[in-house]
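Undergrad: Chain by chain, the residues:
There are 4 protein chains.
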Amino acid sequence: MEVGFLGLGIMGKAMSMNLLKHGFKVTVWNRTLSKCDELVEHGASVCESPAEVIKKCKYTIAMLSDPCAALSVVFDKGGVLEQICEGKGYIDMSTVDAETSLKINEAITGKGGWFVEGPVSGSKKPAEDGQLIILAAGDKALFEESIPVFDVLGKRSFFLGQVGNGAKMKLIVNMIMGSMMNAFSEGLVLADKSGLSSDTLLDILDLGAMTNPMFKGKGPSMNKSSYPPAFPLKHQQKDMRLALALGDENAVSMPVAAAANEAFKKARSLGLGDLDFSAVIEAVKFSRE
Amino acid sequence: MEVGFLGLGIMGKAMSMNLLKHGFKVTVWNRTLSKCDELVEHGASVCESPAEVIKKCKYTIAMLSDPCAALSVVFDKGGVLEQICEGKGYIDMSTVDAETSLKINEAITGKGGWFVEGPVSGSKKPAEDGQLIILAAGDKALFEESIPVFDVLGKRSFFLGQVGNGAKMKLIVNMIMGSMMNAFSEGLVLADKSGLSSDTLLDILDLGAMTNPMFKGKGPSMNKSSYPPAFPLKHQQKDMRLALALGDENAVSMPVAAAANEAFKKARSLGLGDLDFSAVIEAVKFSRE
Amino acid sequence: MEVGFLGLGIMGKAMSMNLLKHGFKVTVWNRTLSKCDELVEHGASVCESPAEVIKKCKYTIAMLSDPCAALSVVFDKGGVLEQICEGKGYIDMSTVDAETSLKINEAITGKGGWFVEGPVSGSKKPAEDGQLIILAAGDKALFEESIPVFDVLGKRSFFLGQVGNGAKMKLIVNMIMGSMMNAFSEGLVLADKSGLSSDTLLDILDLGAMTNPMFKGKGPSMNKSSYPPAFPLKHQQKDMRLALALGDENAVSMPVAAAANEAFKKARSLGLGDLDFSAVIEAVKFSRE
Amino acid sequence: MEVGFLGLGIMGKAMSMNLLKHGFKVTVWNRTLSKCDELVEHGASVCESPAEVIKKCKYTIAMLSDPCAALSVVFDKGGVLEQICEGKGYIDMSTVDAETSLKINEAITGKGGWFVEGPVSGSKKPAEDGQLIILAAGDKALFEESIPVFDVLGKRSFFLGQVGNGAKMKLIVNMIMGSMMNAFSEGLVLADKSGLSSDTLLDILDLGAMTNPMFKGKGPSMNKSSYPPAFPLKHQQKDMRLALALGDENAVSMPVAAAANEAFKKARSLGLGDLDFSAVIEAVKFSRE
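Chains as they are written, first to last, in the working numbering: chain X, 1171 to 1459; chain A, 1171 to 1459; chain P, 1171 to 1459; chain B, 1171 to 1459.
Hints should not be assumed to be uniformly reliable.
Said to hold, decoys possible - In silico DMTMM-like cross-links for lysine to aspartate or glutamate, where the CA-CA straight-line distance does not exceed 25 Å:
1) X:K1310 - A:D1446
2) X:K1386 - A:D1376
3) P:K1310 - B:D1376
4) B:K1281 - B:E1314
5) X:K1325 - X:D1267
6) A:K1455 - P:E1211
7) B:K1408 - X:D1362
8) A:K1408 - B:E1419
9) A:K1325 - X:D1369
10) X:K1228 - X:D1321
11) B:K1294 - P:D1373
12) P:K1363 - A:E1452
13) B:K1325 - P:D1373
14) X:K1386 - X:D1376
15) B:K1295 - B:E1419
16) A:K1310 - X:D1373
17) A:K1195 - A:E1218
18) A:K1404 - A:D1446
Treat the hints as calculated values from the structure; they're not laboratory data.
Given these sequences and hints, build the entire structure.
TA: In structure tokens form, the structure reads like this:
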């Protein structure tokens, strides 16, 4: 199977390498073309524009850094739109908002092309190991034809219906994560201020029904006030805000998420926006006593 | 090793049976004495009052239903206080508030006895399997001498310092649990009202960094609006309230736990107090649209 | 002094009538021209398009129903932009968001015109009595030249700096109002459920330091579960959301406003969006006990 | 009419002086007897114990500093209980919790005496001016016989039913006050951080439907970060906590009051407990940006 691949950042590189390893023919493009070299050594072909990749391949995957880059690769000169047509599929796995996804979908399908959005859950390591979780939505037929690709990239892929649903599902997952992180932070601080050991609390949580990789992974560094940014707090807060907006649209009252969002905002006002989102514990801790 | 055991409810029976199986000599007492019969068949001795058990055994464990029963067994006629003295240890594993624990501690140590509180995390099944988590506090020497007992009853035991700390730690664990349950509930409802499948959300959560036995165990029944009471909502709300009171004492502001507590209160006002605490999702769901 | 007046809805009619009474020469326009008749009887002139009004008058006031109408009157064929030029002032007193206001400002000033936004606080009665509160922002010179007009229309006018500040100030005022309404609602319900009279609570509040026209005006009907829509709940909730978004931009954590916003959302989900915003008390009241 | 008066602190002195001025015969007692001198100069008699006052007078009023003093005056040697009997009325106007009030009521009525609790709203100035608001509850007949006294001390007195209701009503009033203060604080900070003048916001609020003496009185000093303690923040937070507990008893979910309570707790953790409760604005303001 032959696939195009647009965008060779940390994620895109790991993903396209995986495809090569599993016997796919891969044609890559990246804004900075030199980043393609390593892939070429492993057997990839290169094109000089997104349009050329589309022209050459029946299926093209994109993994771009943000909504702005995702739009640019489609709409700019030499972009996807110039060559997309009936019989060709475009799978955008970048993390973008539902609105951006809908705009790209409209343009692609307007030219007769097929479109699937497929944001992923998981970062560098799962990308390298082919262990991503893929939240796909859009054209069902294209999704099904893409299953061999998704099977290589992820441990599981979901088809969620119409375009926008992938983005929405990701927001909801991140909203639960943000509220859980606050629940966890309040517990750790309460233990500490009540004269108990917050390290022991970690051990106890780890033995019970709430044990989860996030508490296990981040708890020990939180107890050391260390927050190396895996997922920056300001992005977590933005996702909380967008999830609350989704609740607003659908008249779902979510007081716990709203309280968590305000805690993340307080953390931002304390200058912690670029640290890991677990730094929200600093907003709970802060006192002068 | 010989131990006394007061209280043969669901938990106490499983625990004393476990001790017998592991070769301990066990002397039991229960308010309704007939409940001792099964234990006797497995080799236990019986006494007719808590005082007699204390007189006979160096170490006595209690596992009673509530603070009221815990106090009665110590202070009433024929109670623990009549025989406790220097050289004897009393280990109360009932779930009681810190105040009750402190009152018992004062009385026991006033007579020269040793006291450890040891509330447990885990219910019937872990009790039978010797897989409880024991949150012990009080007399360090008694705790250490009790380790052979705790090793049979639990998969792990913690020594948390002064009397009251066991009760406090349990409240904190339950507070995190209550906030997490609200985070989870809001996410499930938001998915549903946004046109996504809340069953798919469960699958996605299960594959990621937040996967935990509680979401896995309760999610499917929550999506079916079924809440068989494992831990009644009214008790969860009481623990949230007490944890918030602990925060009040120590000037820890916990806006997420406070919002979760109000959601549990709303659920109580909807008549859901006797269902499982996961029924809080009904307070999120409720609408007329 | 001669002024143009665009828009003769409930507010615009009362305001332009007031100007006539105070000796201003007024030239009016309304989308449905027949609505101008009553004003003409009292001495107003009429034009057939916004552009004609602008051409005729040095100063023109607009009072339109929503952002859409405000934009249309400026940008459509026969609109303000066709005739606005250096030496002419345009004062938009409609309630619009900051973004709409900025867009109009840019267009007007791009043609050399002067622009002031001036949303008002107060509804029909204060408009008739010339008792509005005017939250003006934009061109300072135009504001100062407009003072004779504002003195007739309002009891007080404020100049708040750059365009957008009028809209923002109105949001903040409404945010405080929404949180206060929730505080009030919770108190009334708590009194009732605690076996106290919520009517007596109104009397007590009225005698103390918190007495205010809103509690006095709305309390008695709230106690009768009557919510005739003076300010619809869905608009109040929208303003809470926008004020929270303003807080988000400026990293101001506002947990009480966030909780109030979620209560308004719950009220919307209960089908109360078109009632007065005081109907949020129904979300507090709701229970099955 | 002859009345006894126990407790001559700031409030008690002003109140008993008022009674003398209005022609009542007053017999006073105070723990530190020398504090009675000024009253004696104005015509009061003195007794050496609460019991003696009760013996001498048909009606006795108490105005004591806290629940502890209120209990001591009744139950200690030389206390009210020694002389209270059928035909005598005891009116405790101290601010105490419902539980204390119920305990006193039980003791007084157990001896055949009549009891009314009558906490007041208002501080030194209203006490001097006879402008207190009296929240009475208990024995209806005694309340009615006391009206001439209440008419001198207050501008309005309410009879709220059974003992405890006076205390509860006061908590509810203070809960609304605490939430309103947070709503106000969030608005002032948001104005400031959004580049608007928080002093102008005060002016605007003062002209609209939310104008109230509290905003007017405290706003200007809050904008100057000045919080001279009229009602200490730690007491306001305690009243929020007790009002939330009352909500808990009655299954009333109050998310806005809960969020306000957490803000007051955060303020306490910032060391602001002894300042005026308006200092909660500092918890909103606090940031490092």
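Undergrad: Which numbered conditions among the earlier hints are violated in the structure presented, ordered from lowest to highest?
TA: 1, 6, 15
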